[in-house]
Amino acid sequence: EAGVAQSPRYKIIEKRQSVAFWCNPISGHATLYWYQQILGQGPKLLIQFQNNGVVDDSQLPKDRFSAERLKGVDSTLKIQPAKLEDSAVYLCASSLVGVKEAFFGQGTRLTVV
Amino acid sequence: AQSVTQLDSQVPVFEEAPVELRCNYSSSVSVYLFWYVQYPNQGLQLLLKYLSGSTLVESINGFEAEFNKSQTSFHLRKPSVHISDTAEYFCAVSEPDSSYKLIFGSGTRLLVRP
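Protein sequence lines correspond, in order, to chains A and B. Counted from 1, the first sequence has number 52 at position 52 by the working numbering; the numbering is strictly sequential. Counted from 1, the second sequence has number 111 at position 111 by the working numbering; the numbering is strictly sequential.
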């Protein structure tokens with residue numbers, strides 16, 4: 001069974017530029033999560049989708065971050081414009097509806113200079 | 001708000017020695033508890049979970065954790081560690097009515113020395 005796929009693995013951008021990350025969840029997983037993991041901290045939930053609807057985006061900085069999940073499968077997370085403090089690993093995870101176990105991708109490491 | 005505390009940022013231990021990684025959470029309601037492991041440059045992998053039933057849960061690679069409701073703890077233990085256990089370990093909690101979103105602790109780096 002294929003796992004959660006994320007791309008790119010690494011990205012370096014200058015502050016005020018824009019960037020987008022892509023996630024393909026495990027086939028059949030209706031729930032998709034984006035987490036931000038800053039160095040030395042645990043992952044923090046940014047947004048949760050169920051199919052193509054948003055379940056929780058309370059911690060998403062909506063002035064610069066956006067995410068979509070068209071057709072309830074793949075998802076993209078965008079940052080525009082990026083700030084230095086956005087440097088982090090962005091993790092995508094997916095799970096079956098009502099199942100407590102989430103499966104994580106390898107993450108995208110973003111460095112903003 | 002729900003929170004998870006992992007007091008030890010790093011735990012150095014010699015190979016074949018026992019280890020305990022501590023985790024405490026703040027909640028007055030029923031919760032689900034998890035330990036995830038993260039190897040360098042990799043994503044998070046579920047190590048073990050407590051959902052209900054027996055308070056002692058085990059993983060396939062020798063780790064175990066015990067849910068203690070009165071102390072709101074879920075400490076991770078292994079009687080004899082290997083070099084390959086060197087990784088970052090994250091404790092996480094979710095509440096049944098929170099759409100199962102995970103709240104993570106800050107992580108504990110387990111460093112196993114030969």
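Hints should not be assumed to be uniformly reliable.
Claimed, not checked - Computed list of lysine-lysine pairs in DSS-like fashion (alpha-carbon distance at most 27 Å, straight line): (1) B:K49 / A:K100; (2) B:K69 / A:K100; (3) B:K69 / A:K62; (4) A:K44 / A:K62; (5) A:K15 / A:K71; (6) A:K44 / B:K49.
What the hints assert, rightly or not - Examples of chain A residues toward chain B, derived with CB under 10 Å: (7) T31; (8) Y33; (9) Q37; (10) Q41; (11) G42; (12) N51; (13) P61; (14) F65; (15) V89; (16) V99; (17) R109; (18) T111.
Worth flagging that the hints you see were computed from the coordinates, not collected in a lab. The structure presented is a predicted model; accordingly, all values stated were derived computationally and were not measured. All C-beta atoms, glycine included, are put in the ideal place defined by N, C-alpha and C.
Now the hints, each set against the structure:
1. B:K49 / A:K100: holds (9 Å)
2. B:K69 / A:K100: holds (19 Å)
3. B:K69 / A:K62: violated (37 Å)
4. A:K44 / A:K62: Holds, at roughly 15 Å.
5. A:K15 / A:K71: violated (31 Å)
6. A:K44 / B:K49: holds (19 Å)
7. T31: It holds, given that the least Cβ distance between T31 (chain A) and chain B is near 8 Å, below 10 Å.
8. Y33: The hint holds - Y33 (chain A) has a Cβ within 10 Å of chain B, the shortest such distance being about 7 Å.
9. Q37: Given a least distance of 8 Å, the restraint on Q37 (chain A) holds.
10. Q41: Cβ of Q41 (chain A) sits 5 Å from chain B, so the hint holds.
11. G42: holds (3 Å)
12. N51: violated (13 Å)
13. P61: violated (17 Å)
14. F65: This interface hint is violated because 17 Å lies over the 10 Å limit.
15. V89: holds (9 Å)
16. V99: holds (8 Å)
17. R109: holds (8 Å)
18. T111: Since the shortest Cβ distance to chain B is 14 Å, the answer is violated.
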